[in-house]
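Peer 1: Sequence:
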Amino acid sequence: MTDYDYDYEDLGLVAGLEIHQQLDTETKLFCGCPTDLREPDEAARTFSRFLHPTKSELGELDDAALEESRVEREFEYLAYDSTCLVEEDDEPPHELDHEARTVAMQIAELLDMNVVDEAHVMRKLVIDGSNTSGFQRSSLIAQEGEIQTENGPVSVVDLMLEEESAQRVEERDDGVLYSLDRLGIPLVEIGTGPDISSPEQAREAAQTIGMLLRSTGKVKRGLGTIRQDVNVSIADGARVEIKGVQALDQIDEIVRFEVGRQAELVEIRDELRARDASVGDVADVTGVFEDSDSGVIRGALDAGGKVTAVPLYGFDGLVGRELQPDRRLGTELSDHAKRHGAGGIFHTDELPAYGVTEAEVEALRAAVDAGPEDAVAIVADDPETADLAIDAVAERAAVAIEEVPEETRGANDDGTTRYLRPLPGAARMYPETDVLPVDLDPSDVETPELLTEKVDRYQAEFGLDAGLAEQVAYGRTMPLFEEAVDAGIDATFAAGLLESTLTELRRDDVAVSELTDDHLLAVMHLVEDGDLAKEGVNDVLATIAEDPSLTAEAAVEEAGLSGVSEDEVREAIAEVVERNVDQVEQQGMGAFSALMGEAMGALRGKADGGVVSDVLREEIQKRA
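Residue numbers (UniProt numbering): 1 to 624.
If you are wondering where the hints come from, they were derived from the structure by calculation, not from laboratory data.
Misleading hints may appear alongside valid ones.
Distance condition first, Cα-Cα at most 27 Å in a straight line; then the derived DSSO-like pairs of lysine-lysine [what the hints assert, rightly or not]:
1. Lys243 x Lys338
2. Lys124 x Lys220
3. Lys124 x Lys218
4. Lys220 x Lys243
5. Lys338 x Lys124
6. Lys218 x Lys243
7. Lys124 x Lys243
Quick caveat: nothing in here was measured; it's all calculated off a predicted structure.
Using the sequences and the hints given, assemble the complete structure.
Peer 2: Rendered as structure tokens:
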């Protein structure tokens, strides 16, 4: 097992990033539908599709699409009252959304990129069901940018404006259920050059780009709204694209593990060549396992399936060799079998196990003429799946003797990766004939203020401390904070409500997600206008969260927090002092803190704390 600690310069590590970020626009990229997500049970209807690859303009078929099509699957889609015929591919797309174009040009400016004169929409072949049309629409917006990292500059090659894919709801044995609410949300794809030379630099570059994106105030936030793809290769390895990295703090680990995987595969390749290894012919070995007690094999045979095998001559001990934590060469072979519908594979480096006996292993070796220096992989499944899967295993094993394969892999939660499909080629892209090109003019686009600059400004202009300024600037509510202070709300109060009060309510299991920007602004205005004490904000917001149809004013009434007159405040505080007159006479102003809490409780948030404090001091001084 490797410790995944390498001399990256010596190995020739080269890495690049593709950042995919959803934009927070009013409408989708090619229609007027909103960009809000829905719950699956809100769907108005469903429909199904079967997708197949088509040839490019040059008459070529993309390898990745071709492999995807080998497994026949039905794709079902959930449609809503907030989706239209464009998402269903039953109506031509509209013009490239103006707001999305503007935000994309702002991002280009922040990345120091050159905006193209005219945006042409292309089709990118995708037949995994995530697009009803069988392709994703994409348009080049800008090129030739650069960001800075501690280890030097990283070039930004291109900025694409794309439509987001449909949201996967459920994986089924014969297909996938998708939701159309996400399909068509504007998405920018930012591709860096292969300038990254360490895992740490990869993470820093992604963090920098993420900060620039959030500086626009027009990107969606939350899980799934930003995805990082990482391209990794080493000198003796191959370019591998790792898809779907959700967390920034996972990028350096993923790069480290991929370097380790490729380095181990290079060593395995060299060892296989030294052993003069080869891959034998696929064979039907069902007879070996007719009386097997293995649950997996027994289940397949009882359902009318069979067991197929491939001898891997010279592979003994290498199929079980670890490439990444808990992932081996055998796992790689299994990934390819799974892509063709099988549940996985067994191999002799791990047998006897899983109910397979030593006698069955010996009979298996004899059936395919495998000696002690060889390995054997088997698949038990229905006849068609078993044949397809074992062929895929044989092909991947043969590649192991020759090279580290170029491929697309998926990111796992633990930082390891799994095989998805071959790398897409040029045949994947071809022109979109249903959308006219649009002119791009960045001269009218306002350059956003960087988040780092906002932090400094919030401290200087509003007097926020450094920690709170950074929380607000980098937080999801930054645009609302700016709207509030522009409307005359006290900055410290607005920041505290958005960053502290909402957190407190969330911890108290208040449904904060039900509170809209309009709700929050209205409550801030009530406080600013003196119609609600700050002390009553939590109760009012909790009341609105229970019934979002309430106005802020109605919620104040509902919570019993309508303002009180100064006379009523004095009367309530006088009663508190009277109840504690002995303490006041003995301690004087020393009794203030204890009585302040009691006074605020008596007024239940109906009066501002500052007013209560002033009146209480006066009443104590009268008695002391």
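Peer 1: When the structure is checked against the list of hints, which entries are broken? Sort them ascending.
Peer 2: Of the numbered hints, all hold.
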